[in-house]
Amino acid sequence: MKDFLFKPFEEMTDKDYETVGFKSGLEIHQQLFTTKKLFCRCPAGKYSERYDAEILRHMRPTLSELGEYDGTALMEFKTKKDILYRINRESVCTYEMDDTPPFLINDEALDLALQCGLLFDCSIVDELHIARKQYLDGSIPTGFQRTAIFALDGKIPYKNRTIDIVQMSIEEDSCREISDTGHLRVYRTDRLGMPLIETVTGPNMRTPFEVAEVAEICANLIRSTNKVRRGIGSAREDVNVSVDGGTRVEIKGVPKIGRIPHLTYYEAMRQWNLLRLRDELHRRGITKETFETKSDDITRIVKKAHYLPIRTATDQGLLVKCVVLRGYFGLLHWQTQTDTYFSKEISDRVRVIACLTNIPNIIHSDSKGDTLTSADWQNIKRAVGAHDNDTMVLVWGNEQDTEMAVKEIIIRAKEATVGVPSETRQALRDGTNGFERILPGADRMYPDTDLPPTRITEERLKILRVNLPERFWKREKWYRKLGIPEDTIRELSISKFAPLFKFLVDEWRIDPILTAVVLIQFPKRLKKRSCDISLLDEEMIREIFRSYKDGLLSRDGILTAMQKSLKKGKFYPELLPKPLTTKELEDIITETNNELSKVRLINNENSKEVLMGLVMNKVRMSVEGKIVTEKINI
Amino acid sequence: MADDNYKGYRGKALSVLKNFSALVWSDVEITTTKGKYKGIILPRSETADPFHIVIKMPIGYNIGVAADLVTDIQIRGRKEAHYKIPEKDFPRDPSKPNVKLLGTGGTIASRLDYRTGAVIPAFSPGELYGSVPELANYCNLETEKLYGVFSENMGPDQWIGTAEAIGREIEKGIDGIVIGHGTDTMHHTAAVLSFMVQNSPVPIVMVGSQRSSDRPSSDAALNLMHSVKTAAESDIAEVMVCMFGPTSDYYGLLHRGTRVRKMHSSYRSTFRTIGDIPIAKVSRDEITPLRQDYKRRRKDRNVKINTAFEEKVSIVYYYPNMKPDIIESLIDNNYKGIVIAGTGLGHVNKPLYPALKRAHEKGISIYMTVQTLWGYVQMYVYDTGRDMMELGVIPGENMLPEVAYMKLCWALGQTTDQKKVKEIMLTSIAGEITEREPSNGYLIYQGGLPEVEEFISKYVK
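First to last, the protein sequences are chains A and B.
For the first sequence, the working numbering assigns the number 1 to the initial residue and increments by one for each residue that follows.
For the second sequence, the working numbering assigns the number 1 to the initial residue and increments by one for each residue that follows.
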């Protein structure tokens with residue numbers, strides 16, 4: 001492999017990423033905005049932490065359609081978890097509990113999904129087949145997610161190339177994990193069964209920043225339908241990363257696009273360093289074939305040790321085992337990510353698979369500080385017959401879990417001789433990632449025998465094509481030409497008001513900048529004034545603009561008119577004051593001036609500006625500020 | 001019948017596949033006017049339309065490709081599915097009891113059937129051990145596949161065959177019997193076996209699953225463990241149904257074969273004891289009797305198998321406005337017995353009386369049960385009831401309608417003497433009639449009530 005050491009994030013160049021062969025693709029999950037869930041008639045988007053009942057389930061691996069077991073499934077089965085679901089009867093029915101078979105797929109959701117497929121220039125499948133994708137972690141009570149591919153082979157423009165859209169699927173959302181300790185995992189079910197689409201890109205991105213940018217484009221394209229859910233958890237990205245010689249590793253559930261660059265950088269670094277570790281092992285003559293290990297029960301030897309976790313364990317009558325990794329001396333302290341070492345890879349496996357969730361769950365002889373005394377280590381070394389060039393890993397727990405942990409320590413250590421294991425990894429807050437599970441493959445797919453295939457007709461697609469929003473990047477180009485402020489362009493381009501904008505500018509010839517500001521910035525201001533801006537619809541805005549166009553409402557009065565309309569829930573022409581004659585305006589100015597003369601101003605030079613403000617307060621809806629300025633003669 | 005090489009395909013899809021000699025299980029690249037698809041051609045369900053070709057893409061998803069858009073199919077190879085649960089020899093431990101699992105079908109062990117797109121039954125001790133190795137903790141297991149039918153297709157031949165198989169196994173010295181059965185008519189079979197197999201010295205446990213075993217959260221494995229434990233270790237020598245107590249993977253209930261009924265079309269905890277309480281609770285670790293009046297396990301082999309059965313018996317589920325022609329047609333078709341599921345305490349409308357009278361005069365045995373399921377037939381309370389008894393309708397106490405049906409088939413199989421039939425019908429043989437209904441025999445809690453909600457929130461459902 002190439003001689004290269006990872007630099008700090010800020011110092012990495014595009015060239016550096018090219019050197020390590022950075023490759024990344026995305027899986028973008030977006031909840032759709034529907035009234036009901038995907039396979040039952042429960043209301044969608046009703047979130048609550050309250051629950052009325054609990055259900056307990058266990059998951060067992062089953063065969064795939066082609067008669068094979070999936071590796072992830074077998075791994076999850078090893079964990080032997082009790083899985084507890086919290087059920088709220090308002091948002092969950094017997095379908096989500098897996099006590100009622102599915103109802104036919106929600107057509108509203110399928111239409112939205114198909115629309116997204118068309119936006120991504122995909123070819124829509126002729127017949128939809130619902131599959132069961134196994135998830136033995138319990139995140140879905142059935143043990144599988146109902147999912148179907150509806151679109152294939154799309155593309156989006158990016159820089160001067162295109163990014164492939166490999167496939168898009170429509171699926172039901174999973175539960176939210178509340179806790180996972182020992183052999184008990186608890187889930188909340190309020191999100192379960194919500195329709196979402198997954199968009200999978202090709203591994204076309206070459207740097208961490210490209211990954212984030214493409215994620216942004218895809219997310220915006222889907223949002224431009226304005227039929228997706230917003231807010232925390234409604235959009236999540238899985239990011240696939242590999243480097244030359246590495247393996248596709250999936251980082252799961254990235255909640256914010258802004259975190260993608262660091263996460264992908266750290267994963268690339270981890271893979272690169274694991275490959276370097278492999279080379280070091282080979283240099284020491286350790287390969288998959290020559291790998292040697294042994295394990296012993298050392299409970300009696302460490303019974304008197306002062307290191308608290310082990311002391312507590314032996315006091316509770318738990319076992320302590322030692323795994324000797326022949327020739328691994330120093331390698332558990334091999335750096336994989338910033339402040340993260342190979343020992344973490346092992347500790348993660350022990351935590352997830354052997355369910356030893358109290359950290360630290362292992363200690364090892366490559367990092368002696370703060371654990372056992374060197375005398376203790378010497379005793380153990382003698383007892384288990386370890387040599388100077390070996391590493392000892394200690395793990396403790398009940399018999400079953402410790403046994404499983406020993407196996408996993410050996411499995412993971414041995415994998416280091418091969419390279420980077422295929423894994424699903426969890427995004428951590430500091431940008432690094434941790435083991436979640438073995439990367440599942442095609443073997444976890446099974447056809448859903450509960451539902452028939454659904455034909456997607458050309459007629460259905462025709463209707464959807466007519467109502468397809470214009471691609472937002474085309475809109476942006478036009479907005480720039482019109483001189484719309486940069487901070488408004490992106491938002492407007494994916495806004496539900498984008499078609500209205502086009503109409504107001506093209507048909508009614510209203511100033512594009514004013515229109516853009518009214519459509520995008522005003523709602524934000526009104527929200528700050530505690531208006532319910534969900535009531536702001538196309539009709540209301542169009543009517544306000546009609547009054548403006550007809551000269552019944554001043555430019556400065558639009559915001560006030562919107563506020564008043566929102567309070568009433570609708571725009572009424574009666575909300576507008578009668579237009580003022582020049583005489584009336586002059587009278588108001590005179591009257592206001594008289595009032596002002598009774599007040600002593602601190603700074604008399606400003607008197608005209610103060611007068612202007614006071615007059616505008618009275619006439620904002622009906623007279624343009626320009627005219628008042630002229631009359632006051634500032 | 002469709003060609004096996006093109007399993008399930010017909011019409012346009014079939015002709016396109018034939019045109020390119022693309023057999024099912026071919027690994028192909030299909031070119032259409034819309035684009036290219038790579039994958040394995042799967043068999044198609046016979047009930048699906050004739051316009052699409054199903055392929056499994058390399059990522060494991062299936063899609064249907066419109067046959068009339070196909071311009072080319074390139075065959076790259078072949079990968080046929082071998083859906084086989086890994087078999088492992090079931091371990092033998094001489095210190096453990098011997099249990100026989102008799103299979104009749106159903107979803108307790110099943111696999112995908114492409115022809116119908118549904119799941120079909122499949123099982124062997126090796127397969128069961130391969131998928132539920134925990135079974136070896138309880139017993140030495142042998143299996144015999146008696147039938148492979150969905151439970152709605154169970155009938156007299158299968159009932160008689162199963163009863164005889166049970167007799168054979170008991171004589172051979174088995175310690176317990178488990179019967180795998182589809183759940184829809186499990187309580188019918190449980191009832192008829194309760195009559196056909198008498199004085200069993202060992203437990204006879206019927207079991208099934210509400211979620212097929214091809215699902216990770218299936219109840220099949222746990223139900224199987226519960227039933228095998230019961231057959232191996234319990235001292236309850238009766239015909240029982242062993243299915244989930246709550247919907248959770250928690251414990252099972254052992255229901256008496258004559259008092260049990262499937263009460264929900266899809267819930268895991270669908271089986272309930274009606275008008276009484278279950279015999280016991282069973283978990284992976286223990287069997288907890290809920291009552292003491294059950295027949296005990298014995299060392300002897302003195303089982304009596306009586307497979308008498310008369311097929312010409314019907315259940316009439318009465319509804320207001322029923323016309324006498326329903327009864328007339330049974331008379332005209334030479335039915336020998338009628339079980340009525342009447343309203344309330346056991347009633348039908350007056351217009352039916354003449355038909356009932358004629359049926360009685362023709363020697364047809366008529367027994368009344370209640371469609372309320374809970375409670376006794378009480379024909380003395382109202383005049384209408386007394387009138388009907390005059391006509392020859394005999395109150396069936398608190399026998400469940402399906403149980404009364406099975407018993408009448410069995411009784412009429414033994415004798416045509418109405419008096420003897422009545423004696424058999426009204427003598428409780430296997431708990432089908434109880435002398436009293438305990439106050440906790442009818443508990444259908446009403447959701448929404450604060451005290452019920454409190455209960456639900458306290459205990460895992």
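Hints in this document: simulated from the structure, not taken from any laboratory.
Values in this document were obtained by computation on a predicted structure and should not be read as measured data.
Honestly, I wouldn't trust all of these hints.
Covered stretches of chain B, as calculated for chain A (at least 3 residues, CB under 8 Å) [claimed, not checked]:
1) 46 to 56
2) 246 to 254
3) 266 to 278
4) 334 to 342
Have a look at the derived ranges for each label pair, beta carbon to beta carbon [as the list claims (entries may be wrong)]:
5) B/Asp4 with A/Arg50: 53 to 63 Å
6) B/Phe455 with A/Lys46: 22 to 32 Å
7) A/Lys462 with B/Lys458: 50 to 60 Å
8) A/Pro101 with B/Tyr445: 20 to 30 Å
9) B/Glu80 with A/Gly182: 34 to 44 Å
10) B/Phe455 with A/Ser179: 22 to 32 Å
11) A/Glu403 with B/Ser266: 56 to 66 Å
12) A/Pro101 with B/Ile444: 20 to 30 Å
We put the beta carbon where it would ideally sit given N, CA and C, even for glycine.
Q) Against which earlier hints does the structure fall short, listed by number upward? A) Violated hints: 4, 11; rest satisfied.
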